[in-house]
Each structure stands twice: as structure tokens, then as C-alpha cells.
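Colleague: Sequence:
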Amino acid sequence: MKTEVVIILKKALDELNFEIKEEEISKFLEIPPTSDMGDYAFPCFFLSSRIKKNPHEIAVEIREKLGNFSTELFEDIQTSGPYINFFINRKELAKNVVNQILTSKDKFGKTDIGKRKKALIEHTSINPNASPHVGRTRNAIIADSIVRIMTFLNFKPEVHYYVNDVSKQIAMLVLAKAENLKFESMLKKYIAISTKVKNSKKAEKQVFDLLYEFENGNKKVSGKFKKITKTCVNGQKKILAELGIHYDFFDYESKYLRNYKGILSKLEATKKLFKDKDKRIIFNLKGTPIENQMKSPVIVLTRSDGTGLYPLRDLLYTIDKMKIAEKNLIVLGEDQKLYFQQIKQILNSINITSPEVVHYSFVLIQKKGKSKKMSTRKGDIVLLKDFLDEVIKKAQKELDKRKTKADAKKIGVGAVKYAILKNNNNKIINFDLEKALNFEGDTGPYILYSYARANSILKKIKNPKNKKIEMLSLEKQELDLVKKLSIFPDIVLNSYKNLNPSLIANYSYQLSKLFNEFYHACPVIKSEQKSFRIALVQAFKHVLGNSLNLLGIDKIDRM
RNA sequence: GGGCUUGUAACUCAGUCUGGAUAGAGUGCUAACCUUCUAAGCUAGAAGUCGCAGGUUCAAAUCCUGCCAAGCCCGCCA
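Start counting the first sequence at 1; every next residue gets the next number (this note's numbering).
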């Protein structure tokens, strides 16, 4: 429809001797704030500087040149101040949009951007030392949605989870003899031991000794590291699986232990590697674009006892990842922004490209009226498991109240995911359990409820596959819903380009809201234009269903 | 001290990339609406120095500069 508007505008503007390209016209065309102002608007401000006339006069002149228009395409073309407002044939538009959706169904919005290219996405990668808290889960939820969006756009994603099994954190748990503990008990142990290590030089020395033994092949020590890691990874895997988040590969950091020679000699060749007085190996980042972000522009790669630090192994891991797929993605917390840039610069110095990175901000917790960062070490956290249990309990309570039977778990998980996904990635989330348990308004349950409503209407219809769509009139609520449905493909594309699922989350809410308004204003079953309204409800169900799929939220037919 | 991010209604956010018509939602608050396709809903109302100050522009929440506040990061954690 937009094309037609551009074409007739181009013709009129040519006649008035404005030299302007079609692409430019298309760029200037905007969608008016409300539909009673039309469906497209062309602002004439910018033309007034060219011919020194006020924009309103220009708008009137252009409108005259547009003359009589095809009533098949347009209902009306009006001027309003400096704007020319195009009212397209809305009934035709509505029929077209609905037909298109009912034809493509769950493929509506799909485009072949991925071209079946292999993509590698590394995400979650939580320290294997405890049950994940809500903050850490933000990574997994965002990333999982991105994976779904990329799959929808014909990428072939492969999901990797990097297990930091060579860490001081695990060493501390080894010191605390945690190897036979259950996953649920790990957190308490971890908090206790990290407090101890923090306050004791001797304990800290023991921790580093354990790392040294692990790195130098002590089988007994490495066995303990592996046992603790296994317990934790399995526990984390399980809870994330509850959210419907799965991984194709678990890559272990320990794989890269003692394999430092190759990378170090490559870095040596850049002449940026040096040893400091404590014999630590350090990479000099002076001269890189990020040098002014550090007090001293370096990154330390080994301890003085010769054991490797995390960045050294991360370099090896990243190099491996880059070999696997053409498209590479990593999802990291905002605290890793500089760190990731450092890795990127080191790799750049040996001509290796790095993954695209998605950063997200922290989830803060309310404590004594203040927002605080969640800290596993200090125990200031809301565990995902606890939160999930609460939410599911609440969902069940609501279901009992209504005496309906539905999947409380799906409602709960959907609520959690939506609460995370609706926020822009780099916005800090202030996590408030009470508010997170509210199921009214801009929430996951509201969206699921709208979906269930649509389904409930369709279930009552005997013959929903009436091919002929008849329409007598088009209510405002129907028009608004149709227009929102029609932009779904753009939303998906934008969400992919910005690697930002919140665009789809917000769209889902707005779409649901418009559906609920339609629901109240326009009865379907008793309507004289039943066929159109049924088709519209079906179209809504497809598009909202697609959105929910991309967010990783399970649909439910009843609630 | 430096870098990045954020600052929009009492609270939580959308809109900022790509400048345009009266700045939008939700929660909470005030009033209505369930013998009618699900009231986890709908309608109406009150509520805003778009952090502050300059600048660019016919036009700034949106672009530029400076400042303020919060969060994160800046040498042997990962």
C-alpha cells in the first residue's frame, strides 16, 4: 500500500518541479499518531525551505495535483496543516492482511535472512558453583529468544554453554570438601567458604595451590573439581530446562589447560607480550582504541606461579568457536563489556575476528528499601528456583479461584520470561517479587489470557474454515488490530537487527491489548460479518502465537 | 580520575538509532461495566519542568556540547 502512495506522490511532486527520489519520499512518509488522521502522512516542512512558501500552502498545492484518486486504492486524501493524509481503502487492506496471515500461518513474518547459515551462540555460562539467581537467568532468557528469532529467520543456530570449571570458585568448594554435596546445598557451602577465604590469607593460598595442582595434572584434585562441576552443571541444566532453555554443547574450560604454548607464541610475535617483575605474562593494550578505558592498558594472562588465568583460556575457546560457524554470537553481562573488548583487541592483533556481543544490565534486588546488585558470594539473591515456585503457586491460586483447569507451570514460566524480556537489554531491572507476582496489565499472563480468549472463540465456531470473507463495515478496533498485525514482520526484523527481543515482547503486549479492545467492542459469533471477524481472530491467534514462540513462551489454549 | 550504560507521571516502563501533529502504556488512585464469545478483561478520569543548562533546526524526549545523579568496569575473580 505504501508503494502506491509513493507513486502518486512522486507524480504530483514531479509536476510541481520538486526533484525528489521515490526512496526519499518513502523515507519521509510517516504513520499518523491516530488512525482518524489517516494511514500515511506526508509532511511538507522540508519542501518549504526549497521554495519559500509555508508548508501548509505547499500541502494544498500537492493535494490539488494529486487530483482524483482511485477509489479502489484510497478512501480519501486530505490536507491537515502541513500534512497530506492518505486514507487508504481500509476494507481492502484488512482483507489483504488477514488473507496473507491465514495463508502463511506460522510462517508469517519469516524471511530468509539466515540463508541456512550456521550460527554459534554462546550464552548463560554461569559459574558452576550454585543454583542460578534471577539476574543470571536474564542472560539465558534473552539469548534463548535470540536463538528462536534466528531460527525463524532461517539461521541454523548451535547453542553452546561454556563451563568455567577451572575457577577459583570451584577451587574454594574443593577446599570446603563439597565434592559429595547435593546441588541444593552448594550455595550455602559456597557462601561460607568464600567468606572464610576472603578473611584468611592461608585459606587463599590453599585455593591457589589447588588450582596449581589441577593445572599440573594432579588426578585426585582434578577429580574433585570435576565432581563438583558435574553436580552444579546438572543442577543448572535442570532448572533451565524447566524454562524450556536447552543447549547443544557444554564446552569445558579445563579442555584448554596446559595448551597455552601455541597462543602465547602467536602473541609473542606481536611484540606486545611481556613479563612483569612477578613473572606474570601480560598483554599490552597500548595503542588500541580501548587504551583510555583502563588505568594501565594491559591484561594479565597468567599468575606468577605460571598457571593460566581465565582470559588466556577464553582466547583459545573463542578461536575454536570462530572456526565452527560463520555467524558467532555471545551474550554477556554489562560487567564484561571492557573485558570482552580486551579479548577482541588481543584477537585482532593476530587477525582473528570476535563474536558479535549482546550485553544486558543487572537485575537488582530490593533490600532495606534500596536496590542492590545480586551477589551469590554474599547470599543477596533471589534464586530462580524460588521465584519460579512462587510464581507457579500464584498462578495455581488464580486458577483455583476461577475453577478452571490449566497449566499453572506454563503460566508461571511465561510470567517470568515476559517480566525479563519486556525490558530493554541495557536497562537495569529492579526486581520486586510482589510486583513480579502481579498478573494484571503489562504481564505474561495478560498476553496468554488474550491468546486463550481467541482460542475460546474459535472453539465455539462450528465451521471456521469459511473461505469467503465478507465485510460490511470496519470498526476502529478492527482496523487498529489489522494494522498492528500487519507490522509483525518488521518487528521481527528489527528485533533481529538489534538483537533485542524486548521489541517483540512489547509488540505482543500491544497486540494483545488491541485484541482485548476488539473483543469487547466487536462480538464475533453473533456478528453479521462473522466471516471476517472469525478470520481476524484466527489471524490474531497466528501472529500472537508466532510472537510467543519467538519469546520462548509456551502458549496455552485455556486459562 | 577515565570509559560505557541509564535518567520520561507517585512507582515500573515504551518512544531516542531513523527529529515532526495533543509525549504513550501498565501498576496504584477515583468512578462505571459480569443472566451477552473467559472480569487475569473493558471504558472514563486525575496524574508529566521528558535529569539540568546551552546549541543546531521551520520543528528537539529524540541530534550536538557541558554539567548533575545512579549502575557497571578499569593488574594475578571469571
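Derived by calculation from the structure, the hints in this document are not laboratory data. Check each hint, because a few of them may be wrong.
Stated by the list, open to error - Simulated crosslink set (DSS-like; lysine-lysine; CA at most 25 angstroms straight-line):
id: 1; residue 1: LYS21; residue 2: LYS10
id: 2; residue 1: LYS337; residue 2: LYS373
id: 3; residue 1: LYS394; residue 2: LYS409
id: 4; residue 1: LYS393; residue 2: LYS459
id: 5; residue 1: LYS497; residue 2: LYS476
id: 6; residue 1: LYS277; residue 2: LYS261
id: 7; residue 1: LYS189; residue 2: LYS2
id: 8; residue 1: LYS105; residue 2: LYS401
id: 9; residue 1: LYS272; residue 2: LYS373
id: 10; residue 1: LYS105; residue 2: LYS468
id: 11; residue 1: LYS177; residue 2: LYS2
id: 12; residue 1: LYS182; residue 2: LYS378
id: 13; residue 1: LYS107; residue 2: LYS344
id: 14; residue 1: LYS237; residue 2: LYS271
id: 15; residue 1: LYS513; residue 2: LYS459
id: 16; residue 1: LYS397; residue 2: LYS91
id: 17; residue 1: LYS555; residue 2: LYS237
id: 18; residue 1: LYS410; residue 2: LYS394
id: 19; residue 1: LYS555; residue 2: LYS393
id: 20; residue 1: LYS156; residue 2: LYS168
id: 21; residue 1: LYS378; residue 2: LYS397
id: 22; residue 1: LYS107; residue 2: LYS118
id: 23; residue 1: LYS118; residue 2: LYS394
id: 24; residue 1: LYS168; residue 2: LYS237
id: 25; residue 1: LYS205; residue 2: LYS237
id: 26; residue 1: LYS177; residue 2: LYS156
id: 27; residue 1: LYS189; residue 2: LYS156
id: 28; residue 1: LYS513; residue 2: LYS460
id: 29; residue 1: LYS378; residue 2: LYS105
id: 30; residue 1: LYS182; residue 2: LYS201
id: 31; residue 1: LYS238; residue 2: LYS198
id: 32; residue 1: LYS476; residue 2: LYS530
id: 33; residue 1: LYS344; residue 2: LYS460
id: 34; residue 1: LYS238; residue 2: LYS393
id: 35; residue 1: LYS401; residue 2: LYS189
id: 36; residue 1: LYS156; residue 2: LYS188
id: 37; residue 1: LYS394; residue 2: LYS378
id: 38; residue 1: LYS401; residue 2: LYS427
id: 39; residue 1: LYS21; residue 2: LYS11
id: 40; residue 1: LYS435; residue 2: LYS394
Owing to the predicted nature of the structure, the values given are computational and were not obtained by experimental measurement.
Colleague: Decide, hint by hint, whether the structure agrees.
Modeller: Hints and how they fare:
1. LYS21 x LYS10: The hint holds at about 8 angstroms.
2. LYS337 x LYS373: 17 angstroms, holds
3. LYS394 x LYS409: 10 angstroms, holds
4. LYS393 x LYS459: 28 angstroms, violated
5. LYS497 x LYS476: 32 angstroms, violated
6. LYS277 x LYS261: It holds: about 21 angstroms lies between the C-alpha atoms, which stays within 25 angstroms.
7. LYS189 x LYS2: 63 angstroms, violated
8. LYS105 x LYS401: Cα-Cα ~35 angstroms, so violated.
9. LYS272 x LYS373: 36 angstroms, violated
10. LYS105 x LYS468: 17 angstroms, holds
11. LYS177 x LYS2: Violated, at roughly 68 angstroms.
12. LYS182 x LYS378: Holds. LYS182 to LYS378 sits at ~20 angstroms (cutoff 25 angstroms).
13. LYS107 x LYS344: The hint is violated at about 37 angstroms.
14. LYS237 x LYS271: It is violated: about 42 angstroms lies between the C-alpha atoms, which goes past 25 angstroms.
15. LYS513 x LYS459: 21 angstroms, holds
16. LYS397 x LYS91: 44 angstroms, violated
17. LYS555 x LYS237: Within the cut-off at roughly 23 angstroms; holds.
18. LYS410 x LYS394: 12 angstroms, holds
19. LYS555 x LYS393: Measuring from Cα to Cα gives roughly 19 angstroms; hence the hint holds.
20. LYS156 x LYS168: Not satisfied, since the Cα-Cα distance of roughly 35 angstroms exceeds 25 angstroms.
21. LYS378 x LYS397: This hinted pair is violated, its Cα atoms lying about 33 angstroms apart.
22. LYS107 x LYS118: Given that 25 angstroms is the threshold and the Cα spacing comes to 20 angstroms, the pair holds.
23. LYS118 x LYS394: Answer violated: LYS118 to LYS394 is near 41 angstroms, above 25 angstroms.
24. LYS168 x LYS237: Cα-Cα ~21 angstroms, so holds.
25. LYS205 x LYS237: Violated, at about 32 angstroms.
26. LYS177 x LYS156: 42 angstroms, violated
27. LYS189 x LYS156: 40 angstroms, violated
28. LYS513 x LYS460: 22 angstroms, holds
29. LYS378 x LYS105: 49 angstroms, violated
30. LYS182 x LYS201: 28 angstroms, violated
31. LYS238 x LYS198: Between LYS238 and LYS198 the Cα gap is close to 31 angstroms, so the pair fails against 25 angstroms, i.e. violated.
32. LYS476 x LYS530: 16 angstroms, holds
33. LYS344 x LYS460: 58 angstroms, violated
34. LYS238 x LYS393: 19 angstroms, holds
35. LYS401 x LYS189: 40 angstroms, violated
36. LYS156 x LYS188: Outside the cut-off at roughly 40 angstroms; violated.
37. LYS394 x LYS378: 28 angstroms, violated
38. LYS401 x LYS427: 35 angstroms, violated
39. LYS21 x LYS11: With Cα atoms ~11 angstroms apart, LYS21 and LYS11 stay inside 25 angstroms; holds.
40. LYS435 x LYS394: Between LYS435 and LYS394 the Cα gap is close to 12 angstroms, so the pair holds against 25 angstroms.
Of the numbered hints given earlier, the model fails hints 4, 5, 7, 8, 9, 11, 13, 14, 16, 20, 21, 23, 25, 26, 27, 29, 30, 31, 33, 35, 36, 37 and 38; all others are met.
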